[in-house]
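Chain by chain, the residues:
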Amino acid sequence: MPTIHMGNPAALDRGEPMEGERVTTAVIPEDYTATEALSAITAGDGVWANHSAASGPVWVESDDEDLAVAVSKYYGCPVGRPDAEENR
Amino acid sequence: MKVDSGNDYQARVMGGDFVGITGTATSTTATSLTNTGASFTTNAYIGHIVVAGTVYGVITANTGTVLTVDRWYNPATPGGAAGSTPGGTSAYVILPGGAPAWYMALTANATAPAAGDTTLAAEITTGGGGLIRKLATYAHTGGAASYTLTGAYTANGSDTLPVTIAKMGTFNSISSGTMLHETLVSPTATLSASGDQLTITQTVST
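As they're listed, the protein sequences go chains A and B. Our numbering applies: residue 1 is where the first sequence begins, and numbers increase by one. Our numbering applies: residue 1 is where the second sequence begins, and numbers increase by one.
FYI, nobody ran anything at the bench for these hints, they're computed from the structure. If you're wondering where the values come from, they're calculated on a predicted model, not measured in any experiment. Treat the hints loosely; a few may be bogus.
Simulated restraints on C-beta separations [as the list claims (entries may be wrong)]:
hint, chain 1, residue 1, chain 2, residue 2, range
1, A, Glu21, B, Ala44, 28 to 36 angstroms
2, B, Thr111, A, Arg81, 42 to 50 angstroms
3, B, Pro100, A, Asp63, 35 to 43 angstroms
4, A, Lys73, B, Pro96, 39 to 47 angstroms
All C-beta atoms in this analysis are idealised placements derived from N, C-alpha and C, irrespective of residue type, glycine included.
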């Protein structure tokens, strides 16, 4: 099942703010269509809205390149963790 | 709300209720595994996973010699089609803990949840429909004392529309199993035509 990691600069835990930048991880069922997968992350009652007060992640990373690109384009954030880029 | 059966499930999964049990089957079907030489404690393994060959099932009942499962799952695609029935003389192991409660179901029934509920009243089960019980997206933020399950549904031509979704439940099986949570949807969501989509999230405290 595709897994996506998202840099979360304003994480929420049951609606309460958490300190520091966190990583939110989502595991998408393999039988979801591409539209359903993106919706599960980005919809008004989707993953991101329930895990963050920020308008979008600051980076995304996934073992499913298409999903990573779709979420990246939706939120306008880069694919890949900043620390991973620094280590290249 | 987390219903009573959900509390029982959580205690067992997180605390553990017995060590693993191993053996060799004497026969199998699409929904059972039999070991005529076993002496299982009746219904002691409900909710546990039994692994046989390369598939697993969620135990829904057991006698002294027969484990009844909801179906056999391909571990790589637990939300997809059923896995193949394991060989009739497969080695098996009943795992400690329990199956993940990552399936979400919907209903138009708006009755308030009750702690003693064990099923989702009038659950939508339309064959081939897009609103039937399905695997949800699991998500967790590092360090948070919670996680979420998000179901993304698309109505199709098999569904009876329009329908107003009023309540959802989470389960440890794609077809039967134990209900953990039962939550009213607020606001309700009406799907009127094929192609209409609904995304809904259950937040769970850990």
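Results of checking the hints against the structure:
1. A:Glu21 / B:Ala44: 28 to 36 angstroms: violated (45 angstroms)
2. B:Thr111 / A:Arg81: 42 to 50 angstroms: At roughly 46 angstroms between Cβ atoms, Arg81 of chain A and Thr111 of chain B fall inside 42 to 50 angstroms, so the hint holds.
3. B:Pro100 / A:Asp63: 35 to 43 angstroms: violated (19 angstroms)
4. A:Lys73 / B:Pro96: 39 to 47 angstroms: holds (43 angstroms)
The structure is inconsistent with the numbered hints 1 and 3, although it conforms to all the rest.
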